[in-house]
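Given chain V, put chains H, E, A and L with the ligands in place with the hints provided.
Chains as they are written, first to last, in the working numbering: chain V, 1 to 375; chain H, 1 to 290; chain E, 1 to 301; chain A, 1 to 235; chain L, 1 to 256.
There's no promise every hint is true.
A short list of chain H residues far from chain V (calculated; beta carbon distances all over 12 Å) [said to hold, decoys possible]:
hint: 1; residue: L12
hint: 2; residue: A76
hint: 3; residue: T89
hint: 4; residue: R90
hint: 5; residue: K110
hint: 6; residue: Q115
hint: 7; residue: S147
hint: 8; residue: Y159
hint: 9; residue: D172
hint: 10; residue: D174
hint: 11; residue: P214
hint: 12; residue: L215
hint: 13; residue: M216
hint: 14; residue: A220
hint: 15; residue: L281
List time: in silico PhoX-like cross-link candidates among lysine-lysine, alpha-carbon distance up to 25 Å [as the list claims (entries may be wrong)]:
hint: 16; chain 1: L; residue 1: K194; chain 2: A; residue 2: K230
hint: 17; chain 1: A; residue 1: K229; chain 2: H; residue 2: K158
hint: 18; chain 1: A; residue 1: K229; chain 2: H; residue 2: K161
hint: 19; chain 1: L; residue 1: K214; chain 2: A; residue 2: K229
hint: 20; chain 1: V; residue 1: K239; chain 2: H; residue 2: K137
hint: 21; chain 1: H; residue 1: K161; chain 2: A; residue 2: K112
hint: 22; chain 1: A; residue 1: K106; chain 2: H; residue 2: K161
hint: 23; chain 1: H; residue 1: K110; chain 2: V; residue 2: K46
hint: 24; chain 1: L; residue 1: K73; chain 2: E; residue 2: K279
Quick caveat, the hints were computed from the structure, so don't treat them as lab data. A quick note: this is a predicted structure, and the numbers were derived from the prediction, not measured. No residue lacks a Cβ here, since even glycine has one placed at the ideal position from N, Cα and C.
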Amino acid sequence: GGGGQKQNSADSNQAAGGGDTIKIGFLGAKTGEHAAFGVETLKGMKMAADDINKAGGVNGKKIEIVESDHGSKITEGTNVTQKLITRDKVVAIVGDPTTGITKAAAPIAQQNKVVLLSAGAVGTGVVEIGDYIFRDVLLDAVAAPAVTKYVNQKLGWKKVALITSMNNDYSVGLSKLFRKAVQENGMEIVAEQSIQDRDQNFSAQVTAIKDKNPDGIIFTGYYTEGGLFMKEARKQGMKAVMVGGDGLLSDVLMKMGGDAVEGSMVYCGFAADEARANEKTKKFIEAYKAGNNGTLPDMFSAQGYDAVMLLADAMKAAKSEDPQKFRVELAKTKDWQGVSGVITFQDNREPLKSPVYILTVKDGKFQVKDTVEVK
Amino acid sequence: MLTQQLLNGITLGATYALIALGYTMVYGIIQLINFAHGEIYMVGAFIGVLMVSVFHQGLLISLCAAMAFCMIMGVAIERVAYRPLRRSTRLAPLISAIGVSIFLQTLMTKIEGPQAVAFPHVINDSLYHMGAIEISKIQLIILVVSSLLMLGLHFIVKYVKIGKAMRAASEDYDTAALMGINVNRVISFTFAIGSALAAAGGVLVGMYFNSVAPLMGVLAGLKAFCAAVLGGIGSIPGAMLGGLFLGVAETLGVAGGFDLYKDAIAFTMLIVVLLFRPTGLLGRPIQRKV
Amino acid sequence: MNMDSIFSMFLNDYYIQVLIMLGIYLIGALGLNLISGVTGQLSFGHAAFLSIGAYTSAILSLRLHLPFPMVLLAGGFMAALWGVLLGYPTLRLTGDYLGIATLGFGEIVRVVFLNLSITGGALGLSGIPRYTTLTLVIVLVVLTVWAMYRLENSRFGRALVAIREDEIAAEAMGVNITTSKITAFAIGTFLAGISGGLYAHLIQYLNPQDFGFQKSFDFLTFVVLGGLGSIPGVILGTTVLTLAPEFLRFVAEYRMMVYGALMVIMMIFRPRGLLGGVKLTRLLSRRKVQNTGTSAAGGAN
Amino acid sequence: MLLDVKDLHVSYGAIRALRGISCQIREGEIVALIGANGAGKSTTLRTISGLIRPKSGEITYQGQSLIKMPPHQIVNLGISQVPEGRRVFTRMTVMENLEMGAYTRKDKAKVKEDIKKIFQRFPRLEERKNQLAGTLSGGEQQMLAMGRALMSKPKLLLLDEPSMGLAPMLVQEIFAIIKEINQAGTTILLVEQNAHMALSISNRAYVLETGEVVLSGDAQELANNPEVKKAYLGE
Amino acid sequence: MANNILELDSVTIRFGGLTAVDSVDMNIEEGSIRALIGPNGAGKSTIFNLVTCIYTPTSGEIRFMGQTINGLKPHIITKMGIARTFQNIRLFGEMTVLDNVKVGQHCRTRTGFLGAVLRGPRVKKEEAHITEAAMAALELMELSHKKDELAKNLPYGEQRRLEIARALATEPKLLLLDEPAAGMNPQEKQTLMKMIRKIQEMGLTIFLVEHDMKFVMSLSHRITVLDYGKKIAAGSPAEIQRDPAVIAAYLGKDVV
Ligand SMILES: Nc1ncnc2c1ncn2[C@@H]1O[C@H](COP(=O)(O)OP(=O)(O)OP(=O)(O)O)[C@@H](O)[C@H]1O
Ligand SMILES: Nc1ncnc2c1ncn2[C@@H]1O[C@H](COP(=O)(O)OP(=O)(O)OP(=O)(O)O)[C@@H](O)[C@H]1O
Ligand SMILES: [Mg+2]
Ligand SMILES: [Mg+2]
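One chain only, chain V, in its complex shape (with noise of 0.2 Å):
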């Protein structure tokens, strides 16, 4: 149906582009459930915006964040996408971290013709929404068979067990991947468990895996859960160690886990490790924990700055902050050197990002345990 897709809205950003600052919207949530991707973004971004307009700004105009919580609710969500557009006038919308939100936005995004890049959506049916919409994560689609390889190979595991939070469509969908790929190099999943987000006790999942005796544990969710999850794992004794997506990347999994974690893998496109960063990562992880008590970045943090700084070098490179034109640049992103990785944007707008990141937990943080390729 090609029924409501109105483009009166092309006047209001050519309006945008006439200020003297560049708005960028920040789509994501401060409160609710989501709460800590959106703050984690969102601070992110502003690095980025400071580092840019510190340098002089894009084509002589300084980047403005405009930021919104939607309460990690998809209507709220929708209403503040609206919002950032028509009200805002932002040219560009980083978010929404995660995958739900993004697909509902979107659509929004795209008939406004307004580019969206989310720093955080990994699901899949998000950049076919529309030549607008981009993203700038790792993809899943591409580490897990990566990552699975590596465990099969290099670390011998034959039988798996795979822990699904069913309540999380990031999760579903990894676990998807994971399955298939564990097919494709001939290991076995000996056990299957699910668990849901926010759950605390996993006692139950635990006892029934445990029997089962599996090399090690394929755990899709996210770091609350699965450090809890191993937290459990170790009482009752198992040995095996975990591996996941990047879902698990971040301090909590050891603050929730101790020393339960110990061993667990991560895969990432983007490691916090000054000892292997580049230059620019390094700058990023310095400026980051001065502002933080010293914390170290997250992947989302990480991704809302490589966001911003995406759109602003396509801005640049279009000589115009109209979106019809710089999404055209943006989408011929190649080998693009960001604090996340290294970004090429593919045909269909999917990132590529290499290389993978396999970090493992050694003494309570992050190291980086090896690195695999990927084409």
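Chains H, E, A and L with the ligands in isolation, oriented as in the chain V frame:
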């Protein structure tokens, strides 16, 4: 393995029961589903964390501090948000309670950040073996503490005059007052006890599952509430039974492979029980006399 | 649609979006008002019926490309069907127990949607066409208010209020409690289903998490805060509470805190709701009432 | 003067239920309050018990002001009430209801004895002592309400239509009981529709009409007053 | 001899160990006023609850116009033509006086949800008829001046009358009144008596529970006396007044 799961379930159920008691007591006396109760539990857990990590207190003192704090908080909430609504429609305080609950959630998110906070170590993870069953020290503590608290409560309500005053006030404030009952005090007392139990539940759960978060009260509160209904809302032994029942059923459900439908199982059971016993397991059937 | 282009001359897309959302909520809230406000049956599971309507209509749109009015109606009827299926066994529960059963039902529906493949599970359902327009929503809101207003002063409407006031007496007056309650439930959930269908075709993306008990509570709050059983009250309550989060954006992170506190304060100052006891019928025929309803204390002669 | 009510004004929202009522009760008296439906009799009793806050006026009991005192304290001063419409605790048993009546009393042994006395007065209650009060018949509930009020051993007993719904024999019985406890030292303020009976056992009476005292005086004289006869005694 | 409108055939109901009504037989003639008296807790209200099918008898049979009604739903009973008032007033407090009475017309009318919304000519006519019938009932009970007040704001005596008006609006053949005069003063009782007579003259049968003997004796054609659930006497007022068993159990020596 089954007995092990059973034990896990009982431990979980004991904490549900602690929270459920507050729901049941408050409901029993002012017929209010106190949706802010889950948030009291959450605040209790945070106070526990604070006592242990900042003031370096042991479990007992932290537990008592959390209970005392929440006692005051519960009483204050009743004063501010429910008492002015005592004589209005039944649903008015309910909405007020939802308001309080939203307020406390966001306040706590503001103070502590949205992420879960780890509960610092106060108890070592030592395991005791009893035949095939392993019981951790924490589980043991939970079982002991919650049993003691519930016994205490049972005693107070059953054998002390205030228990009867609570029942009388629950029916008719005015007539209860005409008996010389200080209705406000009885209601405050109810909130105090209920909140203290919730706080104890919060600290114990935080310790057991090692994490405390601003939104932890939502689901726990809801489930505890279901436990209260399951047992027969308003009935104190009912809340205990309902809590245990729910905890065990949930744990066994997950273990039995119904993990996908875990919450659905709990609620389906609730509906089924209600259909056959419309006032819960231990609820008194409603008499129809015209 | 011409009306819509006229609207967008005066209102920007943000306002239009918010207004559509308000309209959608109004339809759902009026449905709940019939169940809880008029008939007095507590429902904590209204969002579940919204989600049934939303998913039904979205799936029909996506898979069968049926015309929008048809999928909307289908969503409404599907919700009503489930309303009746749930209502039949549970309506004999009294008061709060019914509330809990509906709460449980709401959670069950959510979990089921989370695990079905046709609904996309936790990934949700995306790519739903955007058919919902302001004009359509306004028309439907007006129709709903009209129907509810006519109901207020009808044989059936009075029977529902009688059930709320005293079931035993209502039954003794010849009201068939069960069928009346179920009919009210069916109509209320039908409206929820329509509201859900509109929602799906506005947001274009559905996720079970969006229809949890918190959304049910939102609806209950609209109705109670506006004034149980009062049509103008429900309209005002829904409007205030839907717009409040938007207007409160300036307080940023404190927004929901303020919102929560406001709920408490409004309840304390208007315990029967903002317009509790105000009936549309009475508002419209005010003069008549004032003429006759004065002598209250002078009854003894 | 045991109880002194002066110029009491009470409103329910816009409805002015009491418009300046004054009355006195001396220790040891039975005083009757009669009047048509809606005259404000119950409102007067509820205000004395502290359940309603008056707009203005003064109530003093043994020289102490009752205005602003919460109801449970008023009960502690020795003022008890049998409320209109029985108001028994329906989800409690007959026994428990009686025990609630003795809530303020400390003398447990005496309480047991008094319950026995109540059972002697109302054998029906003893037969039903473990039944939920909500399932009692109307008259049985009325007996229970009376018994419950007696359990508090009041100095001043406020009775709101104690004979309503009682069988004729019991009506006589109730009035006999009222006289008896009065002779045992309890002062009584009695609201009755059965004005005939009420006046016959009272010392003095007040006649209320739309929130005002229109007549007052010796009960016997009032009973012979032609106006009263016509309006309230149905003669 | 006129037909019996209501027949109780050794009706018994037990609550746990308590036999509240114990094999009671009773026949009420069409068009008469029948009183049911007895000590408190004798089982009078319970009989009313049995006749209106709020309770189902443990044993025995209840027939209304020759048809067995055991176990039917209360709303069906009303439709068949039995209406009642309650000992503890049960009005629809938040509804206006007129609307209360209109609900009484429920079982005599048909409009459902769709009809209400579409409001065609038939519905309009029906609504007009409902209003008319309700006003007629209110006028009979002398309450029409209060029609727009909320029921809960009426004084006690008027609430009782409103209950009767509401019951009348169901267009019953048999009207059960449970202590209609309770809480009324003598003057009001007089008025009420006249009203009840008027209702009876309209062709209704009246079945009455009341403790005011003056009221009962001057109003009723026949009286049934109950004690501890058992029928202990039945007859004309004069007979009952003289019956030593009734005097011992209920009336006492110096009543009336
Ligand atoms: N809760 C209330 N809300 C509003 N009006 C009330 C309320 N209670 C009583 N009234 C009104 O106040 C007036 C006095 O009522 P009150 O109950 O004191 O009368 P009463 O003399 O006891 O009558 P009755 O003989 O019927 O018991 C009446 O007009 C009554 O309608
Ligand atoms: N649901 C019930 N459960 C237990 N006992 C009941 C129930 N209903 C009534 N009873 C008992 O049955 C007996 C008859 O009650 P009923 O209400 O019929 O008396 P009544 O004759 O109407 O008396 P009154 O004149 O006092 O109203 C009473 O003793 C009462 O306690
Ligand atoms: Mg009175
Ligand atoms: Mg009776």
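**Request:** Check each numbered hint against the structure and report the violated ones by number, ascending.
**Result:** 1, 5, 6, 11, 12, 13, 14, 17, 18, 24
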